[in-house]
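Peer 1: Each chain is listed here by its residues.
Number of protein chains: 2
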Amino acid sequence: MSAVDVIRRKRDGGTLAPDEIRSFVAGATDGSWADYQVSALLMAIVLKGMTLDEAAILTDAMVKSGQRVELGKAPNGTVPVDKHSTGGVGDKTSLILAPLAAACGVIVPMMSGRGLGHTGGTLDKLESIPGFRTGLSLPEMRRALDRRGCAMIGQTSEIAPADKKLYALRDVTGTVESRPLICASILSKKIAEGIGALVMDVKVGKGAFMKTDADARELATWLVGIAEKNGVRTEALLTSMESPLGREVGNASEVIESIETLKGRGPKDLEDLSVRLAARMLVLAGLTGDDADAEARVRKALASGAGVEALRGIIEEQGGDPRVIDDYALMPKAKTRAVVAAPADGVIAGLDAESIGRAGVALGAGRERVDSRIDPGVGIQLNAVPGDRVKRGDPVLTVLYNDRARWDSARALLEGSIRVADRPEPAQPLIREVIGGRR
Amino acid sequence: MSAVDVIRRKRDGGTLAPDEIRSFVAGATDGSWADYQVSALLMAIVLKGMTLDEAAILTDAMVKSGQRVELGKAPNGTVPVDKHSTGGVGDKTSLILAPLAAACGVIVPMMSGRGLGHTGGTLDKLESIPGFRTGLSLPEMRRALDRRGCAMIGQTSEIAPADKKLYALRDVTGTVESRPLICASILSKKIAEGIGALVMDVKVGKGAFMKTDADARELATWLVGIAEKNGVRTEALLTSMESPLGREVGNASEVIESIETLKGRGPKDLEDLSVRLAARMLVLAGLTGDDADAEARVRKALASGAGVEALRGIIEEQGGDPRVIDDYALMPKAKTRAVVAAPADGVIAGLDAESIGRAGVALGAGRERVDSRIDPGVGIQLNAVPGDRVKRGDPVLTVLYNDRARWDSARALLEGSIRVADRPEPAQPLIREVIGGRR
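Just so you know, the sequences run in chain order W and Y.
Here the numbering used here is used: the first residue of the first sequence is 12, the next is one more, and so on.
Here the numbering used here is used: the first residue of the second sequence is 12, the next is one more, and so on.
If you're looking for bench data, these hints aren't it; they were derived computationally from the structure.
Hints may contain errors.
Note that the list lumps identical chains together, so a pair holds whenever it fits in one copy or between two copies.
Here are the simulated lysine to any residue pairs, SDA-like style, with alpha carbons at most 25 Å apart [said to hold, decoys possible]:
#	residue 1	residue 2
1	217	190
2	217	16
3	222	25
4	176	13
5	176	42
6	222	20
7	59	25
Pulled out of the complex, with its shape left as it was, chain W reads as follows (with noise of 0.2 Å):
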């Protein structure tokens, strides 16, 4: 088969076959394909679109690409679930979820990503944890899972190979902006790490890549699609990213703000949405078919502090300093404090999650260029959020930093994420649509 006239196919908006998907995927990770014919392929993806069905071929394709984990239903018989978030400021509900459902008897292999753009990411909070390693081998995690129910990890180089070969050329050839390839990205390190079921948190509003409920109900339809093709039940929540989640954006702050609503401390925002999605996680992983029934599970494992033993379960395993569930000064801090303050008397009506999000990356908190070195002990704390009443000149924002002309370069973004208004405006609700995977 040759490359030419696969890509000639794509690029007259032809769709692909099954085996030229599979060339191509083949090809571009062992080389047979030159990388110049893989880009051309991508523009031609991205311009021409593809169907659901090509997009599930390729992203099984690219899970063949490397090893896929089996790890079949646990004792109980349930099968493996995880969770993946498409991206938000102050998004920390993995850290809270995981060992939720890992506790209430759901195994949770969980692969994640570094932080994108101005959204957080969960590997580099937990490695804000003094020693935690989210490099384990396939091995080690399945020694955590066996151990501990729940391994929290990053993309390892057995795990679809393709998708690395590929994103790294997306990344510098202007092609990352595709919605089957954005799918298939995702998907394949998901349906890799040996899981049977998915719980997608499509993020949609101001401070998610997805900005109108369209586009996310689009997206989260692909997701859904594609996943259930690939034969992992997968249900997708579209919910809100206009304001940040929780009161802290940052990588330490956000690792103590997941302990304290594992305590039963946390914000209402944080703990509903984590306890909704952990919930979701053990009807599709099969440990019972009520929705009421698995929230109850969840709120259990949570009040009697079986969920936050069990993140100390997994910081022990994974090489982290367990301690620190009970001591927050062994978590890095950034040494200067400043304060963002109300422009005016009123109500807070916004607090734009992208320009925080972006200040938090200018503080170090996120990687302006790959090779940024991430600070981890910086951040922003919301004192008030949305619906608060406030007077000028009250502290709204206060900023953790450590670099007095990265504070400089954030300044400015902060200042003008605070919207204040006359009246309270109506709350969004926080869970806007559910697609796929109920029965």
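Based on the hints, put chain Y in the right spot on chain W.
Peer 2: Below, chain Y without anything else, positioned relative to chain W:
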């Protein structure tokens, strides 16, 4: 300037700034753009197009990637002029009009290509003349122009190296079919060879790459527009390519037919088109402003034998054996002959040029792969042409071949190429339309 930003702009349907186009061309040539970035942008150009201004700047950037020969005006005040054909079957006008124009006092630096697809190439034809060298260096070209008024050469490494690089990539990435890329490729070489004017023969019909008048007109308009923006006075003639031009399709056989035509014994369609194109070259070069005068001068050069003597000089200058002019036995000739007969009584209504061109390639007159060797002595002779009465069994095509298997693979194509009707069909004019250039 970042390659990714340039790629993304074109991907999103934007217009590239001159600096961005120049960065792309320079980057492709010097390697500062990776091949996979070059091919991604090429695909985006194929699918999103370019404006005429973008294509003109692309052309200029490709010219400037190498040397631009400075020929200046000839002592008689004319500017150097070339002719280019978009490719046809049996299209050997270059071999006739170049010596005719030179004999009339015009400087003709002709840079030609090889056969492409089912169409023939001037270089392949010239190289069927024993000893003929098309690979002249630029100093050799200048010397040939000084001494003979004409040089017929291939692309040298100094001329538009960006075109060589881009063409090689386009060939293997499905990005050949793009009007701006095609125009820039054709024109960058022509402009770099030092011409002041250009006559374009844009072929249209079954045997051409442009199948419809609308497509051919659009291409012609672009070629004229881009060349004029680059300071080259240009005229495009849309000419018919339904059946082969003249009576011979091959390499040596087309050279012999060209010599015959220069001796006044050629087929009328070939003679008329060659004379008309040569006359336009005289006008565009500035030798005369009068169409009728230009044609009279060309006809005089034909009748006097000045044209055939000019060809003798060109052959001599470029290392060929000039005795071929008088002794066709010195030209290669395939050893076996076969005949394709009329399938019915009637009038030849069509001889499908593309099928005959493909049959020629199958016989070895063209290349099936980039590295195929041309067999210069094979060819197809048209014993009857559209409008001629035939009886069933009359030999319509005579085939010269060396390899029985090749003849077997050409046979069905040739049999399918002949269309016999009850009545003659109205003849199409050879020149369908003229675009640009006229004053």
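Peer 1: If a hint holds in the structure, say so; if it does not, say that too.
Peer 2: Checked hints:
no.: 1; hint: 217 / 190; result: within (19 Å within a copy, 40 Å between copies)
no.: 2; hint: 217 / 16; result: between (41 Å within a copy, 23 Å between copies)
no.: 3; hint: 222 / 25; result: between (29 Å within a copy, 22 Å between copies)
no.: 4; hint: 176 / 13; result: both (20 Å within a copy, 21 Å between copies)
no.: 5; hint: 176 / 42; result: both (10 Å within a copy, 21 Å between copies)
no.: 6; hint: 222 / 20; result: between (32 Å within a copy, 20 Å between copies)
no.: 7; hint: 59 / 25; result: both (8 Å within a copy, 17 Å between copies)
In this structure, none of the earlier numbered hints is contradicted; all agree with it.
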